[in-house]
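Residue numbers (our numbering), protein chains in the order written: chain A, 1 to 277; chain B, 1 to 218; chain C, 1 to 393.
Each hint should be verified, as a subset may be incorrect.
As the list claims (entries may be wrong) - The calculated lysine to aspartate or glutamate pairs, modelled on EDC-like cross-linking and capped at a C-alpha distance of 20 Å, are:
#	chain 1	residue 1	chain 2	residue 2
1	A	Lys153	C	Glu342
2	A	Lys192	B	Glu162
3	A	Lys192	A	Asp175
4	C	Lys332	A	Asp72
The hints are simulated quantities; they were obtained by calculation from the structure and are not laboratory data.
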Amino acid sequence: MNGYNFAYLDEQTKRMIRRALLKAVAIPGYQVPFGGREMPMPYGWGTGGVQLTASILGADDILKVIDQGADDTTNAVSIRHFFQRVAGVETTTATTAADVIQTRHRIPETPLRSGQILVFQVPIPEPLRFIEPSEQETRLMHALEEYGVMHVKLYEDIARYGHIATTYAYPVKVDGRYVMDPSPIPKFDNPKLDGNPALMLFGAGREKRLYAIPPHTRVESLDFEDHPFEIQRWEHSCALCGSDRSYLDEVITDDKGGRMFVCSDTDYCQTRRGEVA
Amino acid sequence: MTMEKGTVTQHRGASSAAWPGLADPAHDSQRLFRQILGAMSEPGTLTTLAVPAPPQAAPSDALGAALWGVILTLCDLETRVWIAADLDSPPLREALTFHTGARITDDPANADFALLTHESFDPQTPFALGSDTYPDRGTTLLVAVERLANAEPWILSGPGIETIRALDIGDSPGCRALMDRLAANRASFPRGLDMIFGCGARLAAVPRSTRADSREVN
Amino acid sequence: MYVAVKGGEQAIASAHRWLADRRRGDRDRPELEVAQIGDQLRLAVDRVMSEASLYDPELAALAFKQASGDLTEAVFLLRAYRTTLPRLAVSEPLDTASMRIERRISATYKDIPGGQILGPTYDYTHRLLDFLQLAGAEVPAAEIREEVTDAEACPQILELLNDEGLVEQEIDDGAEPSDITRDPPDYPMDRAARLQMLARGDEGYLLALGYSTQRGYGRNHPFAGEIRLGQVEVEIHVDEWDETICVGEIALSECQMINQFSGSREAAPQFTRGYGLAFGHNERKTMAMALVDRALRAEELGEPIIGPAQQAEFVLAHADSVDASGFVSHLKLPHYVDFQSELDLLRRLRREHAQNTSFGQSESHGNPATEGETSVRKSGQGKHDRESGVHGL
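Working from the sequences, and respecting the hints, build out all of it.
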């Protein structure tokens, strides 16, 4: 694209983000403030992830972009198209073929491998934000490792509903130190954060924060001894590929209560059905 | 306000030609950054940077090609760099300013990056460790070491390491002091020092999240 | 047979084509020229420049046209362009005292040196629709009074008070101000950073907040000390020549409020100040900004923080229309994975509720027997007890 630098961002902005990324990797789970820039897409639509991807992407990389687990959702299409335009990179829908995967709300079902980088789009990076709205306060709480209030919140759910009522963006503790928001992935995906061989980077553009989980890092979902963390399970299997271990989307098929369940991860589902070469 | 695009004149330092820059800044720095990111993400792994070596002129050539590549990749006019006395020279300063625009500082506590060798490492130098509220605001040390090998005495574990990884940076007192300093990081975490080691074109990193233990009996 | 939805790419392309068609409108009418917008819709252009924080009337007009008149969208377009521009120089501080004045009024004195200059204002227009404009009637040229070019003739009103020591003095401490376009926000924020954020804040938002202070939510007794609009020279210092040169002129609006006085045993009472500045003719914006600026100084001046407009983090974190419109509109994006999570839990809770009710059990789902035993497994306890909240786990 004429008039713009490779991968859209100017080199100085990339360097600023790269320096912040190295600190993020050095302090796993800690939210590093960075001078986030406006991007040509709205805040809240993945500008954090896009800035991170733009800062790490090389001409030889193969990029995959998913939203809700799917490669063909409109925003995934739009972001993939953006990088094809500004970086001319090759793109793929195959999880195994990708070097960099930008995602919103899911971690692919296919296990990631060493050397891959998963970039998460994050709307609200602060896991304590809904308990304490002030940034000054939450920063202090992280500094003092003062996370009791988070357990109180989760426990209030148990007292009220009999279960922890957080089903996505479920808080985790990284390497025994920082409580971190894993972005709005369903808690089904939380176990994939633990000891993953891929590097996981998180970017929040509007809130101007980025953070990281290095490969092979211990990541625990917060829980209680008598209310251990558990993930969603379905009574159904995927209606298309038959998988009984993937995250399923409910699809309404008629106006008489008919519905079916299909894999949210389209590449996983198609690969299982042999539709992908 | 919008400025009309104008020509910015740059002053070319007389001796800076000898210190190489990146041939293709956008793509070269991306490639080098990914190597540095990989090194920091998987502490102790060795990687070789394809970057032209600095001119062979003492004392600054001790820096080595890999660390010069790190500087070209990460430094710009928004960064402050501290240079240890045993590496310092007018040509290095000129090259740093010319290629990156980085500001050189005499105050280690004010430095984003510090350039030093294992011989000049002093555990008492007051580099910035960051604060408990902003642990990221710390100095990253770029240290030229005796050697880089995945061998004992040092055993690394923690984030980025599946089980354990061995690292040997040399036998000198400075090398030992460097690793002792890294071992002490855990006590001050999340404050701490992150280090990138260079030996010629080879590079390895040990961030503050790494647990470093010595197999040697002291 | 259900087939996974495809074709997002095509859908997006046709949406863009349709949008462009709608924007052009009836082809029988001439297309709007960008120059016409800059000329005849200048206040919209000024607002776009101000909130985008880029002074470029032509591109602001283009953004306004491209956005079909949606100001928030136009601000976003221009702001996104702004980030791609290299920074070639930093200007010297603008000197609004030497403004080439088009309008200048003070509400605090009947007459002032240099006089009250109404300028091109809507203030005393009767808000009656002018049906002649509908009929395309031409407007006669105005007799414009001779421009006041001698800045000495129009001293800044607050500086007159300053001579008597009646108003607090603002002193440049020489510190380099932070730059909100490059540095992430760091609370608490100093006044220089706060003013930068307010200057590109959404006008409607600042207006509402400023208004709230007038109605008692953090009242600060304002007087419009001086409002001036006009042209100000932009100068840069060229190191090579060791000289300061003028690179052009920009239109600015400035509002200086005189606010309630403060004093103490040590310091004699003085009026305080609130400040507003914006690109172009943006008088309402600068007045609202000055009210909010003054409200945000509550802590510094030892005033109780009782109104929303006085809460710095709240005010500043939500002032930017590009931030706000992006995040509100992102709710349009698919959220079906998370929604599925919530559905799943809700169905489960309702099943359990129905079971409990049919067994005639208590409505409370909490099991009192386990409550006392519940303990934190992961090390989540804070090192310090906080003042508020329930912390006994």
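Legend entry - Hint check, failures only: none
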